[in-house]
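Residue numbers (our numbering), protein chains in the order written: chain D, 1 to 1382; chain F, 1 to 100.
Source of the hints: derived by calculation from the structure; they are not laboratory data. Incorrect hints may have been included.
Said to hold, decoys possible - Okay, derived cross-link-like pairs now, DSSO-like style, lysine-lysine, Cα gap no bigger than 30 Å in a straight line:
{"no.": "1", "chain 1": "D", "residue 1": "1109", "chain 2": "F", "residue 2": "34"}
{"no.": "2", "chain 1": "D", "residue 1": "1246", "chain 2": "F", "residue 2": "52"}
{"no.": "3", "chain 1": "F", "residue 1": "5", "chain 2": "D", "residue 2": "1109"}
{"no.": "4", "chain 1": "F", "residue 1": "34", "chain 2": "D", "residue 2": "1040"}
{"no.": "5", "chain 1": "D", "residue 1": "1246", "chain 2": "F", "residue 2": "5"}
{"no.": "6", "chain 1": "D", "residue 1": "1294", "chain 2": "F", "residue 2": "44"}
{"no.": "7", "chain 1": "F", "residue 1": "8", "chain 2": "D", "residue 2": "1051"}
{"no.": "8", "chain 1": "D", "residue 1": "1194", "chain 2": "D", "residue 2": "1040"}
{"no.": "9", "chain 1": "D", "residue 1": "921", "chain 2": "D", "residue 2": "772"}
{"no.": "10", "chain 1": "F", "residue 1": "34", "chain 2": "F", "residue 2": "52"}
{"no.": "11", "chain 1": "D", "residue 1": "615", "chain 2": "D", "residue 2": "677"}
{"no.": "12", "chain 1": "F", "residue 1": "44", "chain 2": "D", "residue 2": "1109"}
{"no.": "13", "chain 1": "F", "residue 1": "52", "chain 2": "D", "residue 2": "1341"}
{"no.": "14", "chain 1": "D", "residue 1": "752", "chain 2": "D", "residue 2": "772"}
{"no.": "15", "chain 1": "D", "residue 1": "956", "chain 2": "D", "residue 2": "921"}
{"no.": "16", "chain 1": "D", "residue 1": "1109", "chain 2": "D", "residue 2": "1190"}
{"no.": "17", "chain 1": "D", "residue 1": "557", "chain 2": "D", "residue 2": "615"}
{"no.": "18", "chain 1": "F", "residue 1": "34", "chain 2": "D", "residue 2": "1375"}
{"no.": "19", "chain 1": "D", "residue 1": "1194", "chain 2": "D", "residue 2": "929"}
{"no.": "20", "chain 1": "F", "residue 1": "34", "chain 2": "D", "residue 2": "1246"}
None of these values were measured; they are calculated from a predicted model.
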Amino acid sequence: MSTLTRPKPGEDEDDLLKLQEQFLASAPGGRPTVTIKRPDKRKTDGSEKEEGRHIVKMEAIPAKKSKFKLDTELEKRKQMEAKPPLLKADDVDDIEELLDRHDRGMAAVLTTIIERDTRNEMYMAPVLGKQGFPKAIHNNRSKTETTKIRKKSLFAQQVEAHSSLQFGVEPAPQRSVSAFRGEAQAGVVGNPQQGTTPGSYIVEGIGLGIHNSQAESLKIHDENVQKLAGMSETDILEERQKLLEMLDPKLIEFLKKKRKAKEESSKTAAVADAKKVSFSVQREVKQRSEAAQEDELPVRPNKNWINMGTVEGEKLEWMKDLPPPSSVSSQTGRPARFDFQGNIMAVDADVPVNLGLHHHGEEPERAGYTLEEMFLLARSSNLQQRVIALHTLARVINQAKSGYLSEKIETPIIPAILAGGVVMLLRWALDDTAEGTVAAAVDALHALLCSPLDEEAADITWAWFLGNLSAALTPSATLEKEAQSEDTDEENKEEETDADVVRRDIIEALVKRMELLVRFRYIFQSMRPQAATVVQMLEILTRAAQHSGNMAYEILKCPGLVDTVMTDFLPTAWTPPDCSKPVSCVYGLPVPAAMHFMQVLCQAGRNMASIMVSKHQLNVRLLRYLALPSRDLHLPFAEAVDLQRESLGTWRVCVSYGLAMQTYFDLYSSILLSLGKLEDRWLLSCDSSTMEKAAHDPFTLDVRMICVLEKVLCVAGYSSTLQEGSDYGRSEETTFTSANWSHVTEILYPIKAYTIHVLNDLSTSYPVKKQKLDLPTACLNFLATYYELEGRQSGIDVIASLDSIEQFCRTCIIPLLSSHGLSVIIDSLSSHSNLLAPASAVPTETASNLPSLCVCKVPNSEDTALTDPATCQETWKLNMPVLLPHSPFGLLVALLRLMLAVCRRHKSLIPQLIEPVVHNKDILVYMAKTCAVSRSAFHTAHFTGGENLLHYYWLKCCTLVSCQNMSLAHRVALQLVARVHHGNEHLVHDLISTVVFSPNFLSEGEDTQLTSEALEGLNITENLHIISATQEEISLSKHKLLQQTYLSLAKIRGHYLQAFGGMEEALQDSRNLFMGNPQEIQSQMITGAGESLMPRDWMFLPLIHVYNKAAQARSVSGDSVSPQGVAMVTSVLQWTYALETWRPVEMDQISVTLRLTRVMCAFIAGNDLFLERPVNHYLAGLLRVFATQKHLDKLDFEERVPGITSSYDLYQEFLEHYEGVSFGDPVFGLYVLLPLQQRHSSLLRKAVWGERRRMLRTLRISLTEMLIPLENYLQPEEQDVELLQLYLSAIITKGVQSVWSPVLYLIAVHHVNRFIYILHEDGNGAIRSHMWKQILANESKVSDVIYYKQANVSMPQGMELYDPLPQGRLATLIKRRNAIQV
Amino acid sequence: ITIEKDSKVPNAAIFTVNKEDHTLGNLITVQLLKDPQVLFAGYKVPHPLEHKFVLRIQTTPDYTPQEAMTNAITDLISEISLLEERFRDAVRDRQEGSPI
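Bound-form chain F, shown alone (with noise of 0.2 Å):
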């Protein structure tokens, strides 16, 4: 992941994360456009043989763009922690609940 201040907006960064395509751009965009401050957040894959995609996040002037993502990103592994959780437990209620 590389981390570029745009220069003509403010509150504004440009990230570009490797080796990852849509399914972590889409993930994180949703994330970060759920949070309020967030002004602005897409990704674009540059080329679709290209491994890679090119994350814009413009803030509210209290906050920056990398706590933006800190947060999304957090956020987002909470969240899919807490889905994994409930899977497992629904896979352990199911198991014994019904005993073959």
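Okay, chain D solo, but in the shape it has when bound (with noise of 0.2 Å):
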């Protein structure tokens, strides 16, 4: 070898040849190295690459047979496993070293290889398969196993049976231009990768000459081609399919595999002619030729050129443009493009390539980057890369979370890529040394974690009642795991893994556990990032603190966190910046976003509240934002408006504390200033009609100065209590500046003045102008408090302020009750609700570890379709109706509440104000369009709240005056309870104590329609009568029941009370919010939101209270309830009873499983607590209600149910109960028999009859008792063998007898009797002939069964009996007597 002379720059493909042949010929044996079968790792040296290339050829020309060939070959295979070749036992591994030994005779024609002139051969490509390769290849073993005495390859033979005429194609001037004729044959894509033919000649193997292996093989050929030829594409794929199933799963994988690694190989190795490598992903035909090719190329090569002497085309590949993107290929299921603005690239979108879409990513044609290849790049190690990605990301994961994308993409994207683990990724990207990454990596993390449309929503409200408090976004599972975590030790804490974390709680594990807060400290105090980093890095914190209150005291108490953004951000002193330009650098101005930030943690908590204040000197700096008119802050204008929008909003939050009231004192004057200017300010507002069209609201200062002025009020009004009870000691009222009553009843005068200008402009041309109403909504509130306050105030002259009240409400409200103005508001209500919001407007992008407020856009649907990206964009609209412009909840809130304060001090104008509110034709058609909308998507979304808040003050109304429709404000009533959400447990204890259980509100109860609906029972036989364990007639009587319960009315509801009382604290906590009792509050974040308080099952509560206690106590003590878990339980029965009675549509919320098995706990309560006589006289009134055959059939034991682990296991605890106590109690037995039906799982009664056999024997329930139709245990007939067979057993030892079981005789005879004479052979033949085995032999003890005709409850035994048998069973009965005698 050393003889040899290696290759020199210069020469050109004829001498390296040469070479070759020199090298070849020299080599000892003719074995050329193992080297050339990896010809890309001597990249470097010409010859040895051109042995890899043909290398390469030899094992990939295989995969250009057809796979017509396959299929014969396949035969032959088959016949030749018979006496399997020596080769046949290798592994598939051994390909490679059975390649190396066919090597040996290449040598011999590797000239031939390149001489030979192959332009204008025809190939034969292989089909396309799904992975882009064709499975055929592993074809390559088999032949040479098969057909070891071919000289031919498959290809050479092809090439031989179709002359180059027949494709006319003139040979190419360069003779390394391989012409590529792909045939036109159907179905076969033309793969025009490799060009050289001859190579497979090698691989058919050296040496093993016989000459009609050629004869043969083309005989192959042509049966293949015209098979081909005789096909249409969908038999080729048919077949293909075919072949893909014969094979060995394994071996296509292998082949595959190889055949790709051949693929890349290909690619690299150098070669001298130029040849076409594209492979496409379509099921077109592509043919190109080289010399087309090179026309394609946009530069002409030049031989001049340095090193351009022998043009490389496939160097030269990416210099042409890119094929069209197709729509052809419509595969489904696509990854999904984004481009750098988040927008997905529509598959066939074709956009130029300056744009920078365009990458050598997978599918280089389509623009646009997928998620996947944005992951990947943000971890490029180019900063470039990085930051794009990041940004891309970011953008993405915007428009995902706005819904724009939702009708785009078929499975929502954040869940998706936080599964993909893009929270690691981010926070890895934030401790990166560049600040372009750093700040790529906060807009993303911003991107992910706060929803700009939840703070914009909480912005709409913000003026309403109760708008200062938030919702806490705490996860479900997080809180789950606190309440675990008391009873379970700290250890298993732990044991968590930060990935666990996540997949639980974000925002817990970026704060707990990856250290964000200390990096933010550094990123705010090193590397001073610019604005908009800045805000976003504020918002982020803002939505780790809105997580809990604990997670808000974690921000606060790192070190130096709070400090360096109070410092830097929210300065009392600033030089001021140049306003013409934006602000680039944000250090030393004030931020609004900080004051937001500032002012979420005031939320979360009254401690953190009181540290801002007296620590960061907080009253200091609203001090000073607030205390000059926004133009002269220094500030340009929109950010100086924000910022005091945002100060305003901080010190509402802080003075519901009464904190930061000292503030109010020194702005005192200037308040009054503008509140004197309002007036004049809203009459020009009002003719300009440019208004609307401001950028910003005139009135949003105005709006939150009214409600902080409310606080205010609170704060005044409580103050009074406060000196009265002086042994109130609280630390912190050193810091509490005590206003009292006289510091704010001159700000009463101008709002209310304004107030009353404003109504009067509603109610005259609301339905023109379309005034926004926060500032009536404010005024209101404002007004409401006042009034409520005033009266607990000593020392004011009463005369004089219930005049002034009367007057008010002469000049403004009655008017306005009666104006078109309200009218019109009223009549929005419906299409402002969020209970009746279709259910499509739910968002999809959400994700459990990082809840939202749910607050999407979605496609306005009145607007007709745009094509226009940038317009289309207006006309979305959030997905809440409650939070669409002009939403009426606020407005109608506060003015229900002021009337409502109002009439409770002066009684005499109730009839004037309430009742036209509570007569009012539209807000009845509203409130019984809620009650029939079952459960709406928005049901526990926060901003219901505020749709909740109506109802209860609506309520409220009603049990001042009484409404025409009693039954639909209790309607209303019961579901509102089941709707409230947390923080509002006052609303149900004031409803569970005036409302639902008010008699006012149950007109049926009334005596005299009890009557008469007693009198209409009295024709369909009501009464009946069931003697009970204790021998007592029961009496089913509806009347009685009913009568009963509305008279302890008041009973049930002190249980319910009491039942509830364990909420004590909440309630506490929740009326303290209602009231504004400003010493009282501990927080304004309201944990649990995205829950109702209570459950829908409500009314079965203290029922599984009694229960679980029970079941506790049971295992110390005696068996039996206390007197006040019974008392509990009737009350519960009772309300329930009545509940089923009058309210049936509410009550089928719940599903009737839920309601049954809750029934059943009461029997499992206890042991003789059924036998209670009011509990056993409800217990069977509510079995009447769920006989009934509408609850039967809704009734399903499969489903799931809360509380219990199955259905399944509760009746086994159900029978055994029964089988221990019952006493053969009948109701208990009814109970027993309701899931016994025929159309319940076998299951259930194979519990029964299969364990539990002793009950056959104490279920005594008679036929004429049963309250359930008999059919439906007679009908469909059984099918369960085991079941049947079990029936028989039962029937022969005696086990159910007529005697004790009427009901489960009957069932078990009648479906033994019906099986045995079934005809027609239906696989059971066997089961049935031993089964007429058994019976023939206890013939005397189940003549039942033998004679039984049908049931009938007349009859003795509830059936009736053939007396001579029907001519057919009677020979079927001898057929089988005879066969057993045989």
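Put the two chains together into one complex; each comes in its own frame, and the hints tell you how they fit.
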């Protein structure tokens, strides 16, 4: 080998080939080195590469065979398998070795490989598979095994078979150019990958020359071609599929892999002949000649250029134009691609390449990046790529969150990327040293965590009553875990990995595990990023604080973080920036986002707010920002307004706690001044039509100011109670600057005057002008609070104040109530109702570990489709109707509140004020609509709270003046109780004590109504008597039961209130929030958002409590339930019964199964509980309800019922109880029978017949006592053979007897009888004859089974028997008898 | 064993048997249920770790739970002694019939 010269630069291909020839000739034994198989390792060595190339081809060639070849070969192989050849036993991996062995002969033919002109040859290219590579390659092996005798490759044969003339291809001038003429045979995709054919020659084996092999292969080929021509494309695909199925999948996999590897290596091989390597994904025939290809190049290679002496087309491949993106390839489920703005790219969008969206990933012809690619790029070592990827990711997330993408993408993006580990990725990117990357990471993190729409929505509802409350966005999993960790020890906590925490709760993971806060502090202090990044970081912190009170405290605790924010972003003195250009560095300037962050921190808890005020001088800052009008703040105007807005928000929160009152005194004069101007400004703005178009609402600040003042009122109003209760000692009282009532009376007059003005304006011109309702809302709330509190003050001139109230109402409220303006507002209730919203509006982009307030945008259906994306965005609206512009809820709540407050003090106004509202047709219609909707999509959304409040206040009005339709009001109340959120415990308590159990609201319970109903009931046999185990007759008269319930409503209410006594603390908190008592409010953040306070089956809750208590106590002491327990259960059952009768619609919203299982608990709860007289009566009454056909049809024991593991387990427990303690009580027995109906699972029946045979003796319900139709047990006939055998054995062993349990006996006889007389063959013949054998062996005992005709309750045993058997049955009987005797 | 008369249900009694479990409870219950004058018989082990069971019996008016219980126990004893006797016989037969 050493004698050979190395190839030099400048040698052309001929020289190289010559060299190679020499080399091969001189190689000992003609065996080339092993390395030729791995040509890519020797890229610098020309000659070696040359060989490598050929090897590559050799391996590749068989892949070009058509699959039909494969077909025939497969057959052959099967034949050969009888006596496997030597190589057969080899493992698949041995193929390489095999090839090596065949490589020996390569030397002899290599020259011809190159020399031969392949331009005009025809190629059979493989059919493309799903993977883009053909499967047929596996033949490589079988062929070498089976046809060792072959001299020529298939390819060669093919070439011979088709003369070049057939294709009429002109030889290209360059010898290096291989003309590619893919054949146009149907369904065959030209794969223009490899040009040199003769390589296959070698593969076929050297020195195995047997003459007929050539002939044979030719024959095969001809056959193939013929077949191919005769087949349609679909046939071909079908065949291919068959082939794939036939072959060992492992083999296919291996071959595919191998093929791919080859493909890659072939690409890297420097081929002197320029050959086109292009593989297309489409099922299109792509043929291109090299010549044509060269034309495609944007620049014609010039020989004179350096290193361009030999044109290597493959290397110039990248210069070509991309194939056009084709929509032809309509593969389903293509990965979505996004442009840099986060918009999705259409599959066939043809965008110019200079936008930079094309890249060398998969599908190079499509523009845009997939999420996967962005993840990859975010970890790139190239700074720019990282930054771009992160920014793009941020925009995609933003788009997805707003809901713009929801229609274009199959699966939601946010959960997908969270699962993809985006949190870790972003946190990692935050640690980057480059500021650009950090900024981009902050951008992406901001997009992921924060939802600006939630903030926007909170802003909309700010002026509403209790608008200062926010929801704590804690994932429910974390709440559960906290509840658990109280019981379990701390060590369990440590076991959670970071990934687990991320999966459970992203914010907690970021703050507690990944040290986000420390990193942020570092970024703030040392990196000093740009303005946008600072704002985003502050917003991320805000979102983290919104997580929960604990998390907010973590942030406050983080050393230096809040200090930094305070000094850098909320300074009290600053140099005025240049207002003409956008601010790039916000250090040393007040930032609205920072103020918002403060607001959220204050909301999170009283202690935090007081720390902020006392330690960080928040009140000084508030004073500084609010003292001057926005124009004089030396900030850009929009910034200044924002800052003041946020400051007022923070102030309101602080004042709610009674903090920062000093600021009020400091600002007193300026407040009065601005209030005085308010009226003029309103007039001004109403006149000018430009108000709507103004960039911001000129009254935002006033609205917020009035909100603050309302809270100031609270502080002043409660200060007197504080002084009275002098023992009331608090440590923070020192910081608590108290205001008294005289401090606030002055601000009433301007606001009142102004309110009158605004409301009058509303009542006349609202339908035309559609003024914003924020301001009137805030004013009304202020007045409501004022009048509420005024009554509590001592030393007020009562008569004068009542006079002023009356006058106010006469001038303002009463005209408003009858005005057209208000009726328009009320009219819009339905269209703005969250409860009536369609289910389609629910956002899909949510993740359980990152809860949000579920606000997103939905396409505005009212607008016609717009094609322009820019204008398209404008027509999107918020998904919650409550939040849409001109939402009436805030205003109406405030109005009702004011009216109630007024009426509480001035009773004579009630008819004038309340009646119009209670009787208002539109409101009634709206209420009826909400009752009709079972469960809205936004049932638990935070912002539905506003609507709940409206319902509550309306109901309160109804308690004062009875409404025309009290049952409607009661239904509203029932719905509301099950719907209100956490933090509204006060509402529930108030509703339960005043509305739900109020006899006024249950007009059905009145005597006259009841008697009329009872009279009706007499016609239908209402009274049904059951003899209970106590030998008493239970009369099931509906009338009596309801009457009793009605009379004991007060007792029932007491029991319910007692049962919910566990919520006392929460109730107190909630009441304080409603009353606005500043000393008592601990937090303005409500935990448990997104869940209803009360479960839907709340009426059963006390029963469950009793049950649980009994279950725990049973092990300790006696069996019996305490008298209180009995009374409680009685109340619950009474109430449930009343609801089932009077409010069936509401009850039907809870599934029947759920209700039944809850009632069943009453049996299990105590050993003799069900024997108590009232309990037994009401259980019987409820049974009657459940036994109606409507409910029986809905009963489904497969259903998942919350609180129990499975219905089957409960039923087992139930049965055990029946066996143990029932005394055979029929009511209990009937409940046992409920799940035994034929339509339920046979598993339940087996539980009785198979496992609890003793019950068959004690379940002594007579046929006349059956409340459930007997047909339900007899039809359809039993199919379960096992159960049938159980029936029969029970009958034979006298386990079930007509004397003891007629019903069960009848059931067993019926089904066995029907089964044994089935004549047609159903596959159970053997079992049937076995049963006959058993029957005939005990014929005397089971004659009923043989002679049974049909069920008939009037007969003694409930069944009719054949006296003489009919002919057919007799024949069967005799036949069976004979069969046994034989 | 303690006996307690059930106040709510006529002709019924609750027997609490200490230091016994399902073995005896089931045996007696099944035996009681064979008695046609027994309307109801059922037992219950209040807690699996507590070694006792509670037996409830209800009979027809002309009969008392105590009698039913006594009868059931007597029957059981005789049945078991019969079983024992037969068993011994069988063993004896076996030993005599096929000496080793």
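Hints versus structure:
{"no.": "1", "hint": "D:1109 - F:34", "verdict": "36 Å, violated"}
{"no.": "2", "hint": "D:1246 - F:52", "verdict": "28 Å, holds"}
{"no.": "3", "hint": "F:5 - D:1109", "verdict": "26 Å, holds"}
{"no.": "4", "hint": "F:34 - D:1040", "verdict": "40 Å, violated"}
{"no.": "5", "hint": "D:1246 - F:5", "verdict": "34 Å, violated"}
{"no.": "6", "hint": "D:1294 - F:44", "verdict": "24 Å, holds"}
{"no.": "7", "hint": "F:8 - D:1051", "verdict": "25 Å, holds"}
{"no.": "8", "hint": "D:1194 - D:1040", "verdict": "28 Å, holds"}
{"no.": "9", "hint": "D:921 - D:772", "verdict": "25 Å, holds"}
{"no.": "10", "hint": "F:34 - F:52", "verdict": "23 Å, holds"}
{"no.": "11", "hint": "D:615 - D:677", "verdict": "36 Å, violated"}
{"no.": "12", "hint": "F:44 - D:1109", "verdict": "19 Å, holds"}
{"no.": "13", "hint": "F:52 - D:1341", "verdict": "38 Å, violated"}
{"no.": "14", "hint": "D:752 - D:772", "verdict": "18 Å, holds"}
{"no.": "15", "hint": "D:956 - D:921", "verdict": "17 Å, holds"}
{"no.": "16", "hint": "D:1109 - D:1190", "verdict": "34 Å, violated"}
{"no.": "17", "hint": "D:557 - D:615", "verdict": "13 Å, holds"}
{"no.": "18", "hint": "F:34 - D:1375", "verdict": "36 Å, violated"}
{"no.": "19", "hint": "D:1194 - D:929", "verdict": "25 Å, holds"}
{"no.": "20", "hint": "F:34 - D:1246", "verdict": "22 Å, holds"}
In terms of the numbered hints stated before, the structure departs from hints 1, 4, 5, 11, 13, 16 and 18, listed from lowest to highest.
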